[in-house]
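Okay, here's what each chain looks like letter by letter:
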Amino acid sequence: MASTYVKSITGLLAAGALLVGAAGATAADRVKIEWWYAISGKLGDTVQQLISDFNKSQDKYELVGTFKGNYEETMAAMVAAYRVNQQPAILQSAERGFMTMLNSGAVIPVDQLMAKQGYKIDWNDFVKPVAGFYIVNGKPAALPFNSSTPILWYNADAFKAAGFDAPSDTWQGLEKQLYALKEKKITDCSMALPGDFQWSLIENYSAINNYPFATRANGYAGLDTEFVYNKTGVVGQVARLKKWVDDGVLKIAGQGVAPISLFTSGTCATIINSTASHSGVEADAKFKWSAAVMPHEEGADVRNGTIGGASLWAVKGKSEEVQAGVAAFFNFVAQPDTQEWWSKATGYVPVTNAAYQKMKAEGYFKDHPTREIAIEQLSRGEPTDNSRGFRFGNHNQSTAILIEEIQAVWTGKKTPQEALDSSVKRGNEILRQYEKLHAGK
Amino acid sequence: MPASDAIMMENEGVGTRPRLPLRRSLRSLVGTSEAGLKASHFRRPWLAAGLLAPQLLILLFFFFIPTWKALSLAFVQVDPFGGTMIFVGFENFTTLFSSPEYRDSAILTLWFTVVQCIATLAIAGLLAFATDNVMRGRAIYKGVILLPYAIAPAISGVLWAFLFNPTVGPLAQMLHQLGFAWDPNRRPFDALLLVSVAAVWKHVCYDYIFLVAAFLAVPASVMEAAAIDGARPVRRFFTMTLPMAAPTIFFLIVMNFVYGLFETFGIIDTVTRGGPAGSTNTLVYKVYQDGFRQLDLGSSAAQSVILMVIAVLFTILQFRAVERKVNYQV
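Protein sequences, first through last, are from chains A and B. Per numbering that gives the first Met the number 0, residue 0 is the first one in the first sequence, and the count goes up by one each step. Per numbering that gives the first Met the number 0, residue 0 is the first one in the second sequence, and the count goes up by one each step.
The shape of chain A in the complex, shown without the other chains (with noise of 0.2 angstroms):
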């Protein structure tokens, strides 16, 4: 009785071995590299297509993309799957994760990676404020993919009723206007509150502005770096965001709903988002839409704003050839033609100088002026310390007790200044715990 049932079990298991060995034979000359990423929508449709275009493109590799949620989301399967050897061979990895990935130990350095695999990539191309992220040291430590910056999207309808050629190019001027949508009742909600506005609305008006935002250049020069947003214009503007709050011209989406999408439908007539929303609000936006830069204090030292997005990884631990195929698809990639591709279907920002000029000259944006926005904010006035970007060891952690304490602005339980105080000191014991851990990297 017992053998009969060891026979049947170990017949099934056979026929198991058998049937996944026919599955495997077909896919078994190529290569398999696992990528890993972290946005979705359109925008993840668009890696699909990327993907397959690359599987097309050659036959020794075949890059199999698996989405793993956002990007902390896929931060966390990394982790998890690195720490009992799981990995991917490419992680997509946002700009808040970078020093984690940088220090982790976990990765190989992109131009050693190509240099050995005998690929040639000239990383003087890369536009100036996406290569100041993310060379480090004269070295690039990752392959820029999806870069972006927060633009201001509005409603050109909305505007034009209310008398109004284009939005304001500074923070009082737009105040005006805003309230002016609102008394006119033109609309019930004259700005949506973006859901990363600690990108927007602080981190890049502090950089905008020329204010600094910690000690140290913003991080560049040294892991001993202190939060100090808590004494510079970041307290007016998180009092000022406050104000429309209470005023109801700025409204918070809260779960449920995605705030561009309060855009999107006409709700709200502004928003200041990322680029990368252009994909969706160009489908979805059924009234006349523009964009324009983001706005400056009057008077203030205008500078570039920051990048915001995703890089590519080579994660270590992967055989020769899994390697070599990394190596091809970042090749594939960094080309002019990927660059001008991927831009125009999604929004980013090209990343390469030469992907640029290639769609200047097309005349692509004279048809699509809105998109080069993120560009002309990226490289306004020369970069200074306070602007090149932000480099927090742990930027996760402090980002989150940013977002927390400005809710506590929100609900009343704080004031602007009490509740900065409180993020910049609760920050700093982040970067300490990080610097403690990291002494000497």
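Calculated directly from the structure, the hints in this document are not laboratory data. Do not rely on the hints blindly, as some may be mistaken.
[As the list claims (entries may be wrong)] Quick partial rundown of chain B residues pointing at chain A, CB under 10 angstroms, derived from the structure:
{"#": "1", "residue": "65"}
{"#": "2", "residue": "66"}
{"#": "3", "residue": "178"}
[Unchecked claim] Subject to a maximum C-alpha distance of 30 angstroms in a straight line, what follows is the list of computed DSSO-like cross-link-like pairs (lysine-lysine):
{"#": "4", "chain 1": "A", "residue 1": "138", "chain 2": "A", "residue 2": "59"}
{"#": "5", "chain 1": "A", "residue 1": "67", "chain 2": "B", "residue 2": "68"}
{"#": "6", "chain 1": "A", "residue 1": "317", "chain 2": "A", "residue 2": "285"}
{"#": "7", "chain 1": "A", "residue 1": "315", "chain 2": "B", "residue 2": "68"}
{"#": "8", "chain 1": "B", "residue 1": "68", "chain 2": "A", "residue 2": "317"}
{"#": "9", "chain 1": "B", "residue 1": "68", "chain 2": "A", "residue 2": "435"}
For each residue, glycine too, the CB sits at the ideal point set by N, CA and C.
Fit chain B to the given chain A structure using the hints.
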């Protein structure tokens, strides 16, 4: 109550033995079940071991190994990828205990769990009592009440969040028209109310199933006798049904606490994400946020160790304080 008091007095009368209530109850537990064990004990120990093995393996993989992992991480600060690790002793714990955010989260969790437990039991009790007295369409009635249990927490959470979204939610608009300044994004109480209602709504069905069964188990003869004596349904419910269902209610209190403490994660994640300003950030959600979103593994492990201790203490406390008042015999 009188029975347990009697035992206590008897024990104190002996005097020479120190009062060890926990051991006493353990001994009484062993004492009562020993006879049963002897009657059917295994002569071949390997068979017993084999039969126990699956359960022990499950415990090993889902309890002992994770517990060991949590304990080993709770006393270190570590790079997420495991590259660097510094032993910090109790620093992760002292940081937590001195953090006002953690204290707020603990108070919130207690409030949320207690309110959720009472509300769920009360509503489920009312519905179960009504079931007993519904004559027509009882199946449909039961079906409707059981529906929420079939919906995944994440999906119901998204629906709750949308329905009560202050900008686009239809129910939020209704509240606004009624003159309520409903806004869970800016009013911590609204946010807390929303997750509480969502959590109760989801769990009422669970309590309801058990209570209906418990009420049905009350012997009809007892109820009829009471009815003949002139007790009306409400009086019969409170004086007969409820005491007889006490073991079930006690079980449900324990389960509701477990649910409130640990299983409301999905609802909180979708309805409020712990906000605004941490006002719905329960201890379990904080473990997830700190560990899996922000990769602060040391602190997250320390928090889960604290949670484990709380869970163990709660269970002991409940069994000590409540169970002795429960009469298992009908």
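Hint check results:
no.: 1; hint: 65; verdict: violated, 13 angstroms
no.: 2; hint: 66; verdict: violated, 18 angstroms
no.: 3; hint: 178; verdict: violated, 16 angstroms
no.: 4; hint: 138/A to 59/A; verdict: holds, 29 angstroms
no.: 5; hint: 67/A to 68/B; verdict: holds, 24 angstroms
no.: 6; hint: 317/A to 285/A; verdict: violated, 48 angstroms
no.: 7; hint: 315/A to 68/B; verdict: holds, 25 angstroms
no.: 8; hint: 68/B to 317/A; verdict: holds, 27 angstroms
no.: 9; hint: 68/B to 435/A; verdict: holds, 23 angstroms
This entry does not satisfy hints 1, 2, 3, 6, going by the numbered hints stated previously.
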